Structure formats: structure tokens, C-alpha cells
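Novice: Residues per chain, in single letters:
Number of protein chains: 2
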Amino acid sequence: MSVENKIGTYNFIAEPFHVDFNGRLTMGVLGNHLLNCAGFHATDRGFGMINLNEENYTWVLSRLAIELEDMPYQYEEFSIQTWVENVYRLFTDRNFAIINKEGKKIGYARSVWAMINIDTRKPADLLTLHGGSIVDYICDEPCPIDKPSRIKVTNKECIAKHIAKYSDIDVNGHVNSIRYIEHILDLFPIEIYKTKRIKRFEMAYVAESYFGDELSFYMNEVNPNEYHLEVKKNDEEVVCRSKIIFE
Amino acid sequence: MSVENKIGTYNFIAEPFHVDFNGRLTMGVLGNHLLNCAGFHATDRGFGMINLNEENYTWVLSRLAIELEDMPYQYEEFSIQTWVENVYRLFTDRNFAIINKEGKKIGYARSVWAMINIDTRKPADLLTLHGGSIVDYICDEPCPIDKPSRIKVTNKECIAKHIAKYSDIDVNGHVNSIRYIEHILDLFPIEIYKTKRIKRFEMAYVAESYFGDELSFYMNEVNPNEYHLEVKKNDEEVVCRSKIIFE
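Just so you know, the sequences run in chain order A and B. Here the first sequence is numbered in the working numbering, starting from 1 and rising by one per residue. Here the second sequence is numbered in the working numbering, starting from 1 and rising by one per residue.
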């Protein structure tokens, strides 16, 4: 199979309500676009959510790591490329490149996905899905950023709480993956966004939360440019963790 | 000028993170698309934000009213048409039609805009802008929904508070128009969205709010299907009002 068919390319424009006060695309919106591209790419090749839902399976995002040297500015066009790097029995690695209006790669992202049976919530064997055809799309396109790392948060002091509301909830009844990103970024004072930019952003999705759940946020400042965060629901179970590196 | 050039048509797909737990596009995302279409339409005709910013002017949204009999479902394609209905000295009326994947008009929207000088914040005379050329785009396409109405909220009991955060703020440093919609919809219990749908949604934008402002929300239940809402900043100035009619 040709590399062209293995890599999907999708075009965007940085919409005015999708940029922050600096005029730069927000990390939440970029995350949304990345996940959409994953969906488009998989659907076009027969293993997307729509195909899978009919067979009672769904993709579950486990990890996301984004590293950028620049962010598209308001009204700028940009594009995202995505491809499958690896397929294991229970996980697949999907990578992305973010390309600015001049065609320069300004960043990359890595994601790790599992597939589960909707009824049993048990993981599916990716190597037997559609006769293992997903393996045909594995592509050795370079993705020169670190893999998602282990994130450990030791601070026991809750710094913010949020009750999951209507706008947080997706079609599966869960708080959606993008909303966590927004809520986490909202923990920081505005000054940090005035003087620094996010160089690397990681999410580890651990468990689902639901409407009405009380989300509590914990943070370790590793150094003035690196923060590790944890979100728990109802002060018990860890829902997700995040690592943010500013520069 | 031909009607074709007066009406702009833009195509969308209901993305997975843009639908609510019912799988229907959220009112906030629809509002975002409407405002983007207004921008595309105006920019393509020489009176968009980008053109105006260079001349030190900007569009300010004053009113938005949306009325729908249906909402696009997840992954469905839909399109939005927009055109200028009227141009007055200080305001212009811009209307929209929302068209489902079968090409049926499932809803309409009306908006009212002013233009202000960025430095003085004073309103500009639309009839002299670009030699009054905006008037050439006036179009008598039907928009069979009521005009935005007066909204009056008498209840003095605050039902929720929200501190404006990083994710709320747009490139102008203001809480963005779409975030108000989301925060207002989040005031309602999930049950209402399980049993009813929003038939008509109105926003009246009165003043700007900024990062760190405390937004407080007031509501009158006119009847079990009609709610009038008001958002104040720092318990003083009215920022916006909204009317929601469920069915």
C-alpha cells in the first residue's frame, strides 16, 4: 500500500471562537481536531467509530501527547496529518503532524487507543479486527517527539472543583475528552498565558466521569515550567492525569 | 446583483465533540457556526472582520435568535445559509437558514450587528461604510421566525456564579459570545434535556465581561417551557440576557 493512502491529511482554519486571548488556537480545539482526524482517517479505511459501533465496538482514547513550536493564529489555515504507527493486540499508536499555512511542520502529536466491546467494556483484539487489516496501514512516518510519559501527582491538596454539567457530556454520557483539557488549562493564572506558551501537553485518560460528578483537581509544580495534574471524581477515583510543559 | 451572490452557503458536519448526550449538535456549536458563516460571508464581500480591523472597525453582535424544528445528529452533514436582510445607520440584520442533510430547512436564525471603532468604541455609520456597498447585498430571502424579543428578568435570586476563566476569553480579551450560551445551558438540570428540546433560543449581548469577572446568573421561569435569563458581572452590570423556549 502506498504511503499516500496510509497518511490522511485534513485542512482547517483557526476560527475566531477557537483561539485564546493571544489569538492562538487553543489546546482544547487542537485536541478536538486531532481526534476528529483520527476518526476521519479510521472511517475512510473501514475501522472508524461508525463502522465499529455497528459491530458493537468503540475506540477509547488512552493517551494523548502534543508538542509544538508554534500554534496557528486566528484565521490562519493549517493542516493535520495522521497515520498509524503501531498496532498491538490491545493498543494502537496513532501519530499526527501539525502543519502551518506555509507547509512547515510546527508540531507533532502521539495518541494511544484501545478498542472495547460496548456491552462488556472488555478490550478487543486489534490484530483480529477486520482480519487484522488495520495492520496494513502501519506507516513509518517520523514523529520526533517523546512518547507519552508516566504522570505522577503526589499533592493531596485539591486546588479546584467542578461539577460535570450538560456542556461537558458527550453522546456516550461521559465528560468529553476535550472538556478535561479546557478545565485543566483553566486552573492556571492568566499571567502564565501572557508570558509563556505550552510547549508540550499530555493527557492520560484513566476512567470515565458522568453528569453531576464532582471533579477535583490536584497539581504538582515540578518546576516553574512543568506541571503534573490529576483529576479525580467524587474525591476517589482518578479520571485523568495531565502534564504541561511551558516555555 | 444576483441572489446567488447575496446568499452564502457553508457546509458542516456534526462532529462527535460538538454534540450533546442526545447526539444532537449543541446550541453553542450551532451559534459558533452561525457567527463563522457571518464572518465568511462578510469577508468574501469585503466587509468582514479582517477587512475592518485594518480600518480600525469591528463588528459587534447585539442579538441572536435561533429557532429550529430539528438539530443535526452526530456525523450528519448540514449546511448554513446566510444573507443580509436590512442595513440601518447603526445596525444591520443578518439572517440564516439551517439546512439538514436532505436539503430541508430545519431552522432559521436572526442576528443584529453594530460596527464600532476599535479605539473610540463609538458606533460607525453602516450606510457610509465602503461607500454604502453593504446595502448592495440586502436580500429578501424569507426568514419565517420572530425577531429577537425584549427579555426582562425580575428574579433577584442568583442561581449560579462562574468566574470567567482562560477558556472563556477570546482574542479581544472578552468572554466569548459562545461561552455565555454554554454557561446558560448548563444552568438547567439534565432531565430537561432528556425530555425536551430547545425550540427557540435568544441572546441579547449588552456589555462585555473580562477574565476574572464573577458572572452571576438570574432566571425567571415564565412557564415550564419558557425561561428568561440574565447574566451580570460582579453583581452589578448586565452582560447579556437570554430566552429559551423548550418543547
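Read the hints as simulated data drawn from the structure, not as lab findings. Predicted model, so just to flag it, every value in this text is computed and none were measured. Be aware that one or more of the hints could be misleading.
List time: in silico DSS-like cross-link candidates among lysine-lysine, alpha-carbon distance up to 25 Å [stated by the list, open to error]:
(1) B:Lys105 / B:Lys196
(2) A:Lys233 / B:Lys194
(3) B:Lys105 / A:Lys165
Where chain B lies over chain A, by a calculated footprint (3+ residues, C-beta under 8 Å) [to be verified]:
(4) 6-17
(5) 22-36
(6) 98-105
(7) 148-157
Note that the Cβ used here is the ideal one computed from N, Cα and C, for glycine as well.
Novice: Output the indices of the hints that this structure fails to meet, ascending.
Specialist: 3, 6 and 7
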